[in-house]
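Protein chains in written order, with my numbering: chain A, 439 to 908; chain B, 439 to 908.
Worth double-checking, as some hints may not be accurate.
When chains are identical, the list treats them as one kind, so a pair holds in a single copy or across two.
Here are the computed lysine-lysine pairs in the DSBU-like style, where the Cα-Cα straight-line distance is at most 30 Å [said to hold, decoys possible]:
(1) Lys562 to Lys680
(2) Lys876 to Lys488
(3) Lys680 to Lys482
(4) Lys801 to Lys562
(5) Lys562 to Lys488
(6) Lys562 to Lys597
(7) Lys562 to Lys876
(8) Lys801 to Lys876
(9) Lys778 to Lys765
(10) Lys778 to Lys680
(11) Lys835 to Lys448
(12) Lys597 to Lys448
(13) Lys801 to Lys835
(14) Lys597 to Lys680
(15) Lys488 to Lys765
(16) Lys835 to Lys562
(17) Lys835 to Lys876
(18) Lys488 to Lys801
(19) Lys597 to Lys835
Worth flagging that the hints you see were computed from the coordinates, not collected in a lab.
Here is what each chain is made of, one letter per residue.
2 protein chains.
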Amino acid sequence: MSSTIETDAKVRLAEVVGAHNLLAGDEVGEDYGHDETLQVEPAKPAYVAKPGTAEEVAELLATASELRIPVTARGSATGLSAAARPVDGGLVISFERMNRVLEVDTVNHVAVVQPGVRLDELDKATADHGLAYTVYPGEQSASVGGNVGTNAGGMRAVKYGVTRHNVLGLQAALPTGELIRTGGRIAKISNGYDLTQLIIGSEGSLALATEVIVKLVPRLPHSATVLAPFREFTEVVQAVPKVIGSGLAPHILEYIDNLTMAAITHTSQLELGIPDSVRDTAQAYLVVALENREQDRLDADVQAVAERLTELGAMDCYVLDGSSARKLIQAREHAFWTAKAAGAHDVIDVVVPRSAMPEFLTKARELAMQNESGVVGCGHAGDGNVHLAVFQADPIKRQELLLAIFSEGARLGGAISGEHGIGRAKRGYFQALEDPAKIELMRRIKQAFDPAGILNPGVLFDPISPESEH
Amino acid sequence: MSSTIETDAKVRLAEVVGAHNLLAGDEVGEDYGHDETLQVEPAKPAYVAKPGTAEEVAELLATASELRIPVTARGSATGLSAAARPVDGGLVISFERMNRVLEVDTVNHVAVVQPGVRLDELDKATADHGLAYTVYPGEQSASVGGNVGTNAGGMRAVKYGVTRHNVLGLQAALPTGELIRTGGRIAKISNGYDLTQLIIGSEGSLALATEVIVKLVPRLPHSATVLAPFREFTEVVQAVPKVIGSGLAPHILEYIDNLTMAAITHTSQLELGIPDSVRDTAQAYLVVALENREQDRLDADVQAVAERLTELGAMDCYVLDGSSARKLIQAREHAFWTAKAAGAHDVIDVVVPRSAMPEFLTKARELAMQNESGVVGCGHAGDGNVHLAVFQADPIKRQELLLAIFSEGARLGGAISGEHGIGRAKRGYFQALEDPAKIELMRRIKQAFDPAGILNPGVLFDPISPESEH
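Generate the whole structure from the sequences, applying the supplied hints.
What follows is the structure, given as structure tokens:
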């Protein structure tokens, strides 16, 4: 880029958001160059714009399309696939100023929010109304806009579904500069192609959400958590469809392997009252959380789940008190940080049919052993989303291992990612393993939205022109 | 079309499916020319092909693309938007032979089905396993492929969502002749653009589903239905968020206006035990169905709902016995046929935020009165999906009325259709009322899938070249 063009771009972008809401060159802090993904080099974006309105976002995109500046959206940047890692020399659109809960609508049971709203803030805003937005990825500082970008899932998906099941409408800025509205305060719609659903999970590569209508559900007042150690992981997996099939509707159904359990109880100084004899023999734990409108029904359900799990081979069942349960769930939510602190080189979240989890995990461990690497994990037992911390310092060997693990997931009818997304971190694997006909179709869809190719080039697939990513 | 081309096409298509599975010219029965939509002229397709495999579907599409023959998919043809009305001279791909439930997977809680499977057949296949596919549009002879095409909703959507929330994966044939697989036996996925969701609701204009993986949920054994008459429709609407917000999780939440109630009780010879005094004063009825794993919890919930509804202004609450409840729900499901038998000229299903239902209905009735027309209705109170039977014999006046009613729905934050779709019947209104930027974007998406423009030209928007629809 010549410096004239740079100056021109700076002036043009500053005209849109105001000079005080534009950072350029050395003003751009290091933080804007990365998200939480391990093993991805941070980038040096040339500009950070902080729009205050949807119209400004649209105008930024129109300007970027005209000047051919690659654009990456940024919410809280807690992502784990480098989809919020910008492009060197590109523009970051940071939603830090667009962070308001605009309305909690208690009749239609929706909240209308700006994309920069954090999940913990939205949770606070809805709690007083007895309502909740149920998407709970581990990180509560994540933004709703980020949820939309990656189609975030989290622990409660087993009962409430993932982001795409909980977003009813969007206002979005197209790369061509138009603002559109999709869906609405309505759960049902058959009115042309579902652009809401297409934008969700597109990792900021098709359009940028500038307002999000999320579904709220009644916040049930009573909940309890049962922890069940099992001798074999297979038993955990076999128990899952039985628990769900009973109609008890658990809202959390997680497994934690023995190594991860040791790490998180140690890190969180969590005393769960599990005797050493059980701890030494248990290969995996199942965590089942139940909720109810009424305490007595909850108590009866906990009893029923505990009996069922014991029949299904649990070594014991511990009903955790509120504080231990909260700590365990929090520790599980922070498993990523535990893995990072333990020196994990990468963290992945393959999804497979839940019936295939034992075979997948056995194979992943074998592959790791052959590769002189280590994998330990925990994950969403209810939906087959396996989170693995990978220990292998050598990048080439790590790449070989990841490709082999992802291939195995695909072979078993799964996908590279259940909720973290592909982003930049996994696009090589995605392109290697995905059906070329689908990749071609996705590229044509990308082209339909973004003829100039400015929106987050380098996520999902290699940018069309190599110059658009440096 | 010259007769050489016709002969050539016939030979080519017969090569794909076998001569005995291809109808041409006069062999094509009248039934193949329409679906259940009122007021749409039937068409005369030139060919009906009955493929037996996904590969044959893909090959039919490749051939049609090459020969530029417009293609319309047909399941049970119970649709109400003429999306299954073919194009004169075109090809109907009828899924009547691809009608098997391939697997009921009790571990992953999915069924894998061919698109021609009817909902009542799928219901039977899953019942023995204590599981259910929860999409229940009125017509149980509808096919799963048809559900996918229109994103069908139905009465249970208030608890279980619509088709897009209950389809986890597809095998689909692209118009360019490739077969792709999307999603899988997995509820969570973040692996590129969600083609499953894009194909659902696209009315057979992007790709044709050749296999569908549907989500199954536990079939709860106990259910009960409460019928509550109200003096004012507004009271019905105000009661809805209170009932949902209580966490009682009704699986049906319908309203029926007094005229429709009179018609369906008369037609179904339904005796609900409502005294004349109530019947004469009630302006609308709310139907609430609850279900539970346990009979005693259900009884307590029914009690709680009845008390709540009485507090909220219900004139009385009738707990219907199993047989009356079944009849009422069936009669409600068949409201379309009742309206048709009563001489309705059209049936529409506008969706608005549920808070806006009273304003919408008042306005719709005013508009009808000004237009010397009549509207009566019932609908999904839980999700703002208002079904209206429209009485106006004059096509020009009817068109004016529909445009005015649809505009009003859009103004209130809703859409032309909640579950019937746009199809051919409502494309004029859709093009008049939808944001042109969105229409353009949808056209480009269509182009990305279907460069030859063969798939169901004339649904959603005018065909690109006028010759492609006669």
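Subject >> Violating hint indices (sorted, rising) >> reply: As far as the earlier hints go, 3, 4, 7, 10, 11, 12, 15, 16, 18 and 19 are violated by this structure, in ascending order.
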